[in-house]
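Engineer: The primary structure of each chain is shown beneath.
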Amino acid sequence: KAGVTQTPRYLIKTRGQQVTLSCSPISGHRSVSWYQQTPGQGLQFLFEYFSETQRNKGNFPGRFSGRQFSNSRSEMNVSTLELGDSALYLCASSWARISVAGGGETQYFGPGTRLLVL
Amino acid sequence: AQKVTQAQTEISVVEKEDVTLDCVYETRDTTYYLFWYKQPPSGELVFLIRRNSFDEQNEISGRYSWNFQKSTSSFNFTITASQVVDSAVYFCALSRTGNTGKLIFGQGTTLQVKP
Numbered sequence: 035k036a037g038v039t040q041t042p043r044y045l046i047k048t049r050g051q052q053v054t055l056s057c058s059p060i061s062g063h064r065s066v067s068w069y070q071q072t073p074g075q076g077l078q079f080l081f082e083y084f085s086e087t088q089r090n091k092g093n094f095p096g097r098f099s100g101r102q103f104s105n106s107r108s109e110m111n112v113s114t115l116e117l118g119d120s121a122l123y124l125c126a127s128s129w130a131r132i133s134v135a136g137g138g139e140t141q142y143f144g145p146g147t148r149l150l151v152l
Numbered sequence: 342a343q344k345v346t347q348a349q350t351e352i353s354v355v356e357k358e359d360v361t362l363d364c365v366y367e368t369r370d371t372t373y374y375l376f377w378y379k380q381p382p383s384g385e386l387v388f389l390i391r392r393n394s395f396d397e398q399n400e401i402s403g404r405y406s407w408n409f410q411k412s413t414s415s416f417n418f419t420i421t422a423s424q425v426v427d428s429a430v431y432f433c434a435l436s437r438t439g440n441t442g443k444l445i446f447g448q449g450t451t452l453q454v455k456p
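Protein chains in written order, with my numbering: chain V, 35 to 152; chain H, 342 to 456.
Just so you know, the hints here were simulated from the structure itself, not pulled from any lab data. Do not take every clue at face value.
Here are the simulated lysine to aspartate or glutamate pairs, DMTMM-like style, with alpha carbons at most 25 Å apart [unchecked claim]:
hint : chain 1 : residue 1 : chain 2 : residue 2
1    : H       : LYS455    : H       : GLU358
2    : V       : LYS47     : V       : GLU116
3    : H       : LYS344    : V       : ASP119
4    : H       : LYS455    : H       : ASP363
5    : H       : LYS357    : H       : GLU400
6    : H       : LYS357    : H       : ASP427
7    : V       : LYS91     : V       : GLU109
8    : H       : LYS455    : H       : ASP359
9    : H       : LYS411    : V       : GLU139
10   : H       : LYS344    : H       : GLU397
11   : H       : LYS455    : H       : GLU356
12   : V       : LYS91     : H       : GLU385
13   : V       : LYS47     : V       : ASP119
14   : H       : LYS344    : V       : GLU139
15   : V       : LYS91     : H       : GLU367
16   : H       : LYS379    : V       : ASP119
17   : H       : LYS344    : H       : GLU400
18   : V       : LYS91     : V       : ASP119
19   : H       : LYS344    : H       : ASP396
20   : H       : LYS379    : H       : GLU397
21   : V       : LYS47     : H       : GLU385
22   : H       : LYS379    : V       : GLU139
23   : H       : LYS411    : H       : GLU400
24   : V       : LYS91     : H       : ASP370
25   : H       : LYS411    : H       : ASP359
26   : H       : LYS411    : H       : ASP396
27   : H       : LYS344    : H       : ASP370
Using the sequences plus the hints, can you model the full thing?
Structural biologist: Structure (structure tokens):
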């Protein structure tokens, strides 16, 4: 079974631009989570999508947004890029329960998109 | 609040040595889940183990073993007879029931295994 894929793998942008990152989950997985990894802050949760709905959100400004399509593929968008947005962006997918008691499912990560903002 | 602490920033060992990576967590929940992930230089996080809060049985998988102790809120990871290929950053993470899709990660421990 193919793993989680992310495109592009590397990206260079300038301040003020916007960027869209893509994530294709493992076949059959319906939940997609996004994380930002930086040397200073470590791994931080951005948001999670399930059945095209954002179910959970981390503490990031509104410049960070995402969506999920009916085939469970997900995109995240960062508008008005800042230097501090330079990071490795990781996507993860999991089987997920529909109920609100969901949580604790194993997440499988993609290789990440390395974004450099100049 | 939930928190995961990996006090060891970097560990360096010589091949074939045993090494233990420490993980201490904080949570008020009675049901929670703990994970270990490995991040090689390529960047992808590789899943190693998942443990729920009701299962304190230790686990061994080949050269890897995990010791979960609720009494000390610790979930330590031991690599026996380390190999150069074990060199990576290792992350411990915590997840809560009802908090879908969110893993709370520790800062990671960089393990360097020298030949």
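Engineer: State for each hint whether it applies.
Structural biologist: Each hint tested on the structure:
1. For the hint linking LYS455(H) to GLU358(H), the alpha-carbon distance of about 10 Å falls within 25 Å, and the restraint holds.
2. Distance hint between LYS47(V) and GLU116(V) is fulfilled; the C-alpha atoms sit about 10 Å from each other, no more than 25 Å.
3. Using a Cα cut-off of 25 Å, the hinted pair LYS344(H) and ASP119(V) holds, with the two alpha carbons roughly 24 Å apart.
4. Between LYS455(H) and ASP363(H) the CA atoms are separated by roughly 20 Å; this keeps the pair inside 25 Å, and the hint holds.
5. Between the alpha carbons of LYS357(H) and GLU400(H) the distance comes to roughly 20 Å, so the proposed pair stays at or under 25 Å and holds.
6. Of the supplied pair hints, the one linking LYS357(H) and ASP427(H) holds, its CA atoms being roughly 11 Å apart against a limit of 25 Å.
7. For a cut-off of 25 Å, the pair hint linking LYS91(V) to GLU109(V) stands: about 15 Å separates their Cα positions.
8. Between LYS455(H) and ASP359(H) the CA atoms are separated by roughly 13 Å; this keeps the pair inside 25 Å, and the hint holds.
9. Between the alpha carbons of LYS411(H) and GLU139(V) the distance comes to roughly 20 Å, so the proposed pair stays at or under 25 Å and holds.
10. With a CA separation close to 19 Å, the supplied pair LYS344(H) and GLU397(H) stays within the 25 Å bound.
11. Simply put, LYS455(H) and GLU356(H) have alpha-carbon atoms about 6 Å apart, close enough for the 25 Å limit, and the pair holds.
12. Between the alpha carbons of LYS91(V) and GLU385(H) the distance comes to roughly 22 Å, so the proposed pair stays at or under 25 Å and holds.
13. A threshold of 25 Å between alpha carbons decides the hint, and for LYS47(V) with ASP119(V) the separation of about 10 Å falls inside it, so the pair holds.
14. Between the alpha carbons of LYS344(H) and GLU139(V) the distance comes to roughly 18 Å, so the proposed pair stays at or under 25 Å and holds.
15. For the hint pairing LYS91(V) with GLU367(H), the CA-to-CA distance comes to about 21 Å; that is within 25 Å, so the pair holds.
16. Restraint check for LYS379(H) and ASP119(V): the C-alpha separation of about 24 Å stays at or below 25 Å, so the hint holds.
17. Distance hint between LYS344(H) and GLU400(H) is fulfilled; the C-alpha atoms sit about 23 Å from each other, no more than 25 Å.
18. Restraint check: the Cα-Cα separation between LYS91(V) and ASP119(V) comes to about 17 Å, which is no more than 25 Å; the hinted pair holds.
19. Simply put, LYS344(H) and ASP396(H) have alpha-carbon atoms about 20 Å apart, close enough for the 25 Å limit, and the pair holds.
20. Between LYS379(H) and GLU397(H) the alpha-carbon distance is near 22 Å, which keeps this suggested pair within the 25 Å criterion.
21. With a C-alpha separation of about 22 Å, the suggested pair LYS47(V) and GLU385(H) falls inside the 25 Å cut-off, and the hint holds.
22. Between LYS379(H) and GLU139(V), the direct Cα distance comes to roughly 17 Å. Compliance with the 25 Å bound is thereby established for this hinted pair.
23. About 15 Å separates the Cα atoms of LYS411(H) and GLU400(H), which keeps this hinted pair within 25 Å; it holds.
24. For the proposed pair LYS91(V) and ASP370(H), the alpha carbon gap of about 20 Å is at most 25 Å, so the pair holds.
25. Under the criterion of a C-alpha separation no larger than 25 Å, the hint pairing LYS411(H) with ASP359(H) is consistent with the structure, at around 24 Å.
26. Using a Cα cut-off of 25 Å, the hinted pair LYS411(H) and ASP396(H) holds, with the two alpha carbons roughly 10 Å apart.
27. The hinted pair formed by LYS344(H) and ASP370(H) meets the criterion: a straight-line CA distance of about 12 Å does not exceed 25 Å.
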